[in-house]
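S.K.: Protein sequences appear in the order of chains A and B.
The opening residue of the first sequence carries number 1 in the working numbering; numbering runs sequentially from there.
The opening residue of the second sequence carries number 266 in the working numbering; numbering runs sequentially from there.
Please keep in mind that the hints were generated in silico from the structure rather than gathered at the bench.
There's no promise every hint is true.
Chain A is faced by these chain B residues, among others (derived, beta-carbon under 7 Å) [unchecked claim]: (1) His286; (2) Ile346; (3) Val356; (4) Glu369; (5) Asn371; (6) Met378; (7) His460; (8) Glu522.
C-beta: ideal position from N, C-alpha, C; glycine also.
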Amino acid sequence: MLSKMLLGRYIPGSSIIHQLDPRAKILAVVLFMAIVFFANHWTGYILLIVFITVLTKTADLSIRFLFNGLKLILILLLFTFFMHLFFTKGGTVLVDGGFFTIESEGVVRGVYITIRLAMLVLITTILTLTTSPLQLTDAIERIAKPLKVFKVPVHEIALMMSISLRFIPTLMDETEKIIKAQSARGSTFMTGNLMSRLQALTPIFIPLFISSFKRAEEMAIAMEVRGYQGEEGRTHYRVLNWQWKDTFALILMIIFGIILWMIRQ
Amino acid sequence: MIGLEDITYSYRTGEYKALDHISLTFRRGEWVSIIGHNGSGKSTLVKILMGILDDYEGSITVDGELLDEENRITMRKKFAIVFQNPDNQFVGATVEDDVAFGLENNGVPRDEMVRRTEEALKAVNMLEFRDHEPSRLSGGQKQRVAIASALAMAPDVLILDEATSMIDPEGRREVLDILRTIHRRGKTTLIFITHDLSEIEDSDHAVIMKDGQIISEGTVEEIYKDTDALLASRLVLPFHMKISKRLLDGSFLSYDELVERL
Numbered sequence: 001m002l003s004k005m006l007l008g009r010y011i012p013g014s015s016i017i018h019q020l021d022p023r024a025k026i027l028a029v030v031l032f033m034a035i036v037f038f039a040n041h042w043t044g045y046i047l048l049i050v051f052i053t054v055l056t057k058t059a060d061l062s063i064r065f066l067f068n069g070l071k072l073i074l075i076l077l078l079f080t081f082f083m084h085l086f087f088t089k090g091g092t093v094l095v096d097g098g099f100f101t102i103e104s105e106g107v108v109r110g111v112y113i114t115i116r117l118a119m120l121v122l123i124t125t126i127l128t129l130t131t132s133p134l135q136l137t138d139a140i141e142r143i144a145k146p147l148k149v150f151k152v153p154v155h156e157i158a159l160m161m162s163i164s165l166r167f168i169p170t171l172m173d174e175t176e177k178i179i180k181a182q183s184a185r186g187s188t189f190m191t192g193n194l195m196s197r198l199q200a201l202t203p204i205f206i207p208l209f210i211s212s213f214k215r216a217e218e219m220a221i222a223m224e225v226r227g228y229q230g231e232e233g234r235t236h237y238r239v240l241n242w243q244w245k246d247t248f249a250l251i252l253m254i255i256f257g258i259i260l261w262m263i264r265q
Numbered sequence: 266m267i268g269l270e271d272i273t274y275s276y277r278t279g280e281y282k283a284l285d286h287i288s289l290t291f292r293r294g295e296w297v298s299i300i301g302h303n304g305s306g307k308s309t310l311v312k313i314l315m316g317i318l319d320d321y322e323g324s325i326t327v328d329g330e331l332l333d334e335e336n337r338i339t340m341r342k343k344f345a346i347v348f349q350n351p352d353n354q355f356v357g358a359t360v361e362d363d364v365a366f367g368l369e370n371n372g373v374p375r376d377e378m379v380r381r382t383e384e385a386l387k388a389v390n391m392l393e394f395r396d397h398e399p400s401r402l403s404g405g406q407k408q409r410v411a412i413a414s415a416l417a418m419a420p421d422v423l424i425l426d427e428a429t430s431m432i433d434p435e436g437r438r439e440v441l442d443i444l445r446t447i448h449r450r451g452k453t454t455l456i457f458i459t460h461d462l463s464e465i466e467d468s469d470h471a472v473i474m475k476d477g478q479i480i481s482e483g484t485v486e487e488i489y490k491d492t493d494a495l496l497a498s499r500l501v502l503p504f505h506m507k508i509s510k511r512l513l514d515g516s517f518l519s520y521d522e523l524v525e526r527l
């Protein structure tokens, strides 16, 4: 089940989108999130869909792949759609079911808002599919650097993120081992009602927590003996290289935003 | 050279002594193995050497300088350590990031950092895995990365705290091979902590610990001959020693000697 999850997964590749500086990609996504709200007319929405389709093709991702990712939030999308369908009033009455009515404005709003939501999810999916978690962490650290003025521990947060990411597979393995060990001792996890299933998780989580704390302590010692003393006086092995194509990508995104702004009505 | 003089340590005052009047000398370039059963005090010794525990009795001198509160952090740079669990000492997201981590902490300029990371990875034959994530490595490979991370810091002393106990025999062989190469170069003092008697054969000097005390000390041959200490240590004896004990009225022989006698 977990392998099908697209959220937060990275697919290595060599497309131009993969090669962009992660900072440029994050900034472009933030811009796009604002730009999405410029569209207020069907031409705008069609442009958005075309834009995302072109972007997906440039990133060497298949559209089907992206839609699989969308399935995860399908319920949210449907909910949004039906809320608008039933509760947005205006225009001509299409269906009159007595205690409820569907009016044309509701259909239009429903479709528009659903497209907006889908666009937001798709662009972030494209970001995580083409950028490794490590690059993302690096980029977030650099972008958030100015926050240090407000005493936000940017470096520490970034380090925490990268260590957590690094431990996900380790903890997955461990969880699997514990499940096997507990099954061998007669625990069942997949039967019974919701409550008993939740209770059955206790013998998995307690050992997992204990071992995580042990790991954390050993990790802290390992970091200390390797001279970790916070950010002061630290140099960086990884460098991010802002190139012309990154600036160009951002300019393209701004131009797209301007076009959308011009055609709004 | 490192000198330990009459070191005593208890985790809680007045209680059982984890280390009981230990005196030891480590000479430059020497490979010293410390052998002992669980709870013999060998890991406590490491923690004291690394300055993680500092309220001990006795004194430690490093290259003639007495170790104290003030020089603890700077002295630590002379030491590097590889721990037991290959997963819990892997800080970086990839192999090269992990090797660079210690260098980053010490503010090494980037050009030098790239060079030293590469050299260290080459020394443990892991250069081709430089961009791999830890989850894609075997236990032995992770321990080799840990050794590379330690070597990148160019330490005078490399401590291995049961570094081979959680990996498979193949990985163990690889790690020991690398240690032999480091030892041959003669620049780094190796302090090798283990509970496996078959792993000490290459060391210049070996120490058996039990209940916080040194019960035997000498060359590997001398240790192998010290029947009383070996039995008292409750260590698992290598196969050839078990045979020689059974066949030849209780005396231990090295592998070659046994072959000859038989």
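S.K.: Take the hints in turn and mark each one as holding or not.
M.R.: Hints versus structure:
Contact between B:His286 and chain A, as hinted, is not supported at the beta carbon level, the nearest pair being about 26 Å apart and thus beyond 7 Å. For B:Ile346, the interface hint holds, since its Cβ comes within 7 Å of a Cβ in chain A; the closest pair sits about 5 Å apart. Evaluation of the B:Val356 hint against chain A yields a held restraint, the C-beta minimum of about 6 Å falling below 7 Å. The interface hint given for B:Glu369 is met, as the beta carbon of that residue sits about 5 Å from the closest beta carbon of chain A, less than 7 Å.
With a cut of 7 Å, the hint placing B:Asn371 at the interface with chain A holds, because the nearest CB-to-CB distance is about 5 Å. Annotation: B:Met378 was flagged as interfacial toward chain A, and the flag holds, the nearest CB pair being 6 Å apart, inside 7 Å. This hint is violated: B:His460 has a C-beta 19 Å from the nearest C-beta of chain A, more than the 7 Å allowed. Nearest Cβ of chain A to the Cβ of B:Glu522: about 40 Å, over the 7 Å cut. The hint is violated.
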